[in-house]
Amino acid sequence: MLGIVLIFIASLFFVGILNLTKSIASGRKGANILQPIRDILRTLKKETIYGHTTSIVFKIAPSIYFTSIVTAILVVPFHNQQAVISFDGDFVFFAYILALGKFFMIISALDTGSPFEGMGANREALYSMLVEPAFFILIGSFAMFTGKTSFYQIFFDFINFNNATTIFLILLAAYIIIQIMMIENSRLPIDDPNTHLELTMVHEVMILDNSGFDLGILLYASSLKFVMFGMLIVNLFIESQMSIWLQIAIFAGIQFGLAITVGLLESFRARERMKKNPNFIFTLTVLAIMVFFGVLLMMNKI
Amino acid sequence: MFVIAIFIPAVIFIPTKFKANFSLLIAILLAIVSGAFAISVFNYGTIHYTLAELPLLGNIELSADSLSAFFILLINMVVLLASIYAQGYMKSYKEPIALNIHFMAFNMLHIAMLLLVIIQHFVPFMILWEIMSLASFLLVIFESEKEEVLKAGLNYLVQMHICLIFIMLGSFMLMGETGEMSFHALREYFTTTNNWPLFIVFFVGFGMKAGFVPLHTWLPHAHPAAPAPVSAVMSGVMIKMGIYGILRVVSCLQSSYYEIGIFVLVISFITGLYGIINAIVQSDIKKTLAFSSIENIGIIGMGIGLGMLGLGVQNYSLGFLGFAGAILHILNHALFKPLLFFGAGTVYQQTHTKHIDSLGGLIKYMPISGLLFLIGAIAICGLPPFNGFVSEFLIYDGIMGEFNKGNVSVDVLLLLALLGLALIGGLAIFCFTKVFGIVFLGNARKELKHQPQEADNWMLVPQFMIVFLMLGISVVATYLLIFITPIVNIFIPFTISIPISNILPLQNLSLLTIIFISLATVIYGIRTFFTRKNGESYGPTWGCGYLAADSKVQYTASSYSESFGKLAYPLLRLKFRFKKFTETEIFPKTREFHSSSKDILEYTFISRPLWQLNKFIKRFAIVQSGNTQTYVLYAFVFLVFLFIITFIDIL
Chain G
78 MLGIVLIFIA SLFFVGILNL TKSIASGRKG ANILQPIRDI LRTLKKETIY
128 GHTTSIVFKI APSIYFTSIV TAILVVPFHN QQAVISFDGD FVFFAYILAL
178 GKFFMIISAL DTGSPFEGMG ANREALYSML VEPAFFILIG SFAMFTGKTS
228 FYQIFFDFIN FNNATTIFLI LLAAYIIIQI MMIENSRLPI DDPNTHLELT
278 MVHEVMILDN SGFDLGILLY ASSLKFVMFG MLIVNLFIES QMSIWLQIAI
328 FAGIQFGLAI TVGLLESFRA RERMKKNPNF IFTLTVLAIM VFFGVLLMMN
378 KI
Chain Z
598 MFVIAIFIPA VIFIPTKFKA NFSLLIAILL AIVSGAFAIS VFNYGTIHYT
648 LAELPLLGNI ELSADSLSAF FILLINMVVL LASIYAQGYM KSYKEPIALN
698 IHFMAFNMLH IAMLLLVIIQ HFVPFMILWE IMSLASFLLV IFESEKEEVL
748 KAGLNYLVQM HICLIFIMLG SFMLMGETGE MSFHALREYF TTTNNWPLFI
798 VFFVGFGMKA GFVPLHTWLP HAHPAAPAPV SAVMSGVMIK MGIYGILRVV
848 SCLQSSYYEI GIFVLVISFI TGLYGIINAI VQSDIKKTLA FSSIENIGII
898 GMGIGLGMLG LGVQNYSLGF LGFAGAILHI LNHALFKPLL FFGAGTVYQQ
948 THTKHIDSLG GLIKYMPISG LLFLIGAIAI CGLPPFNGFV SEFLIYDGIM
998 GEFNKGNVSV DVLLLLALLG LALIGGLAIF CFTKVFGIVF LGNARKELKH
1048 QPQEADNWML VPQFMIVFLM LGISVVATYL LIFITPIVNI FIPFTISIPI
1098 SNILPLQNLS LLTIIFISLA TVIYGIRTFF TRKNGESYGP TWGCGYLAAD
1148 SKVQYTASSY SESFGKLAYP LLRLKFRFKK FTETEIFPKT REFHSSSKDI
1198 LEYTFISRPL WQLNKFIKRF AIVQSGNTQT YVLYAFVFLV FLFIITFIDI
1248 L
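Residue numbers (the working numbering), protein chains in the order written: chain G, 78 to 379; chain Z, 598 to 1248.
If you're looking for bench data, these hints aren't it; they were derived computationally from the structure.
As the structure is a prediction and not an experimental result, all values here were calculated from the model.
Heads up, the beta-carbon is just placed ideally off N, CA and C, and yes, glycines get one too.
Heads up, some of the hints might be wrong.
Short, incomplete list of chain G residues facing chain Z, as computed with Cβ under 8 Å [said to hold, decoys possible]:
no.: 1; residue: Y127
no.: 2; residue: I137
no.: 3; residue: F170
no.: 4; residue: T226
no.: 5; residue: Q230
no.: 6; residue: F290
Sequences and hints are given; from them, build the entire structure.
Spelled out as structure tokens, the structure:
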């Protein structure tokens, strides 16, 4: 229960910190870290405008997308604090419910009949399809090592800082999850949220026609998604003997660090060419397979 | 049942208007009789019955265990749903002779499938198998005035006979060894002899019906050619008869589980991926669905393969979950695939085209059919909250739970299966967002002659029933698992009850399903409140400053699949044919653009060899002059030849 509360609190600040970092890095003063939340609250109060071509799908999609993320958060644990609902194989549910949200966003973009949104939908479908295997192989390898299949138990049993190989694998895993987070949130190097040309957008172009309440929850869903993946990374760095306050401190530290890292990356890095994106995502699968071999080594199977 | 069968030809005497109703009536009667029988099997255990002293055949053993009963219920369900749908769909066809043949064949197919699953003796089994194939052939060529339909039908007919030859070969091999031709004998045969050769023979035979790659080539031709209710039955249950055959043979196996399990797993892995990869680039909506059937057969096969692998390494939990996942996926696929075929049928009936790129914006004219198709699309991608997720979850659960117990080779195989399932899931989302998004959403891409209308109630009711069943499955998944336990125990040498650790996740899944649906409703409720308060209005779609945008600039199915087609070029050979713009061309005129993909396996293994064979044989055509005197000359030459060899005493 504590985990979900922490996620919701952190989601209020995450994008604010990210934007502040970017502002400072580009020499501006930057807005208050609560500004993104204020923006969201303001959009909630605005009128909703639909395209003429849209249908019911366009209206329900944002709500379902948001729900899918909240439901996914329900199975994410916070180390020894179990998730709200935890069971064997819950990470399969985690991946699939997120996919359901994406499914709806893709068809809602196609619903507008706009060529740009079709393009974005197509890219989103392609990239999220390619990233799926990396996630499954990564968590699957951990499951193989621990013999457990729920998020909570996998992390609980796997994390052990006394073993050099484990530390190496944890770092590799953290890297993979950060990249998955970037892809799922359509950030650099796959996609640049600051681009102003529709032809080069992925996620931003899909929500071009959303407005009012729908846009508000879509924006908030994006912050939640960041923090949710951040929570997975946090779980990689907590050992069982740590006190609860230290755990919360690690949580805050890592979320803060992630926001700053993403901000810095976006300030100093350019987006990959669209053509190169699939290759980049395949690399993650290769890294995940490395984790698999590492685990096999640790179990003395090879 | 035989009494009802006698009445099937009576459809000839029924006025055209009521032929469909009559066929439905027969289907209902058959379903009641066989359904009651199946339920009694579930209640009282296996039923044996012997038809003694038949001419030529001797004693024929009939026996129904829970696997047969499961299939009987499955067949009845799909056939009844398709029959109800046909009431509406077949209304527009008026040709009485074609309809007579169609409905007779439909009922015959139903009976043949029902009997197939209880017969133990191979000779009547093959006769029924042949009746099933012929009846479905007649159903496929319903619109036989179209050339491609006839072609697809003949292709189907030929391939089904190759499939029969393999089953025959298998049973003759069995006959040669044991002197008997029944599944009993097969079990005895397997105890004494190597299990491999005969399994492969049967796998090829049954696998062809099921559509395992590379034996799948009939499927993408036959499914689009047939009328929608027939496609639904063929894809929903008829290809599952191949799976039934494989499952029967697997239940007879006595050894080599491990190796055969690997074989089935690898073939299924390829089948699943190949099916969905090809499904993405198709431009015919029913062809897409046909390829997606191949993908689902792959998932079912992966379940079976994992189950056998589990038996092979004596890991009965993996065995249980593998087979349970496979059986549940058979049921699930028999629900969402007919739903999608019904939807595609409605689209075809209203727009007279199956070409995805010519469609668009249909949800505005047929909102209910559109949403039903959407639900089918979500379910077939294996996404929660619908049933497809439950069976895939069981297979995932099997893979994960047993990961750390085996040796490296098992681990690598399990990783392969994991990778396959995850990739298939992602690709399915790509495929079905394309189909649903392009066909039902956006603007119409081509002007239609008639404005499409919502389907009539006969066609909508079965679809609602399916959606209801699908939601039911994901909510009461636990009970379903208990229900299929006796079926799974057929494959496992000793009776095991469901491990309690496998019920718990399913209960949580059901809980999460309910939470998800209620949460979504609440959020949508809040949204309605906000939009009411703040107002809502309609405006033009964002066009990036370009005001002359019309429906032609929309994304099409070809453009949607192009990005993927390029990635998977070695498998798809996606080709584009178009004229490039020249520099002097300031005002371009009408241009053409063609894109095509190739079923690479069909091309390499069937089309090209046949073409080469044809070319070779054509060289001998020179002797076929068509003149009688030449043929007389041949006879004379032969006589002279005969004279010479007898004269010099060679023979």
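Practice item. Double-check G/Q230 for me: the hint is only fine if its C-beta lies closer than 8 Å to a C-beta in chain Z. Key: violated, 11 Å
Exercise for review: Have a go at the G/Y127 hint: is there a Cβ in chain Z nearer than 8 Å to its own Cβ?
Suggested key: holds, 5 Å
Point to revise | Minimum beta-carbon distance criterion (8 Å), G/T226 to chain Z | key: holds, 4 Å
**Study point:** Agreement of hint G/I137 with chain Z interface, Cβ distance less than 8 Å
**Key:** holds, 6 Å
Check your understanding: If you take the shortest Cβ to Cβ gap from G/F170 to chain Z, is it below 8 Å?
Key -> Constraint on G/F170 satisfied, holds at 6 Å.
Practice item. So, G/F290 near chain Z? Judge it on the closest CB pair being under 8 Å. Key: holds, 4 Å
This entry does not satisfy hint 5, going by the numbered hints stated previously; all others are met.
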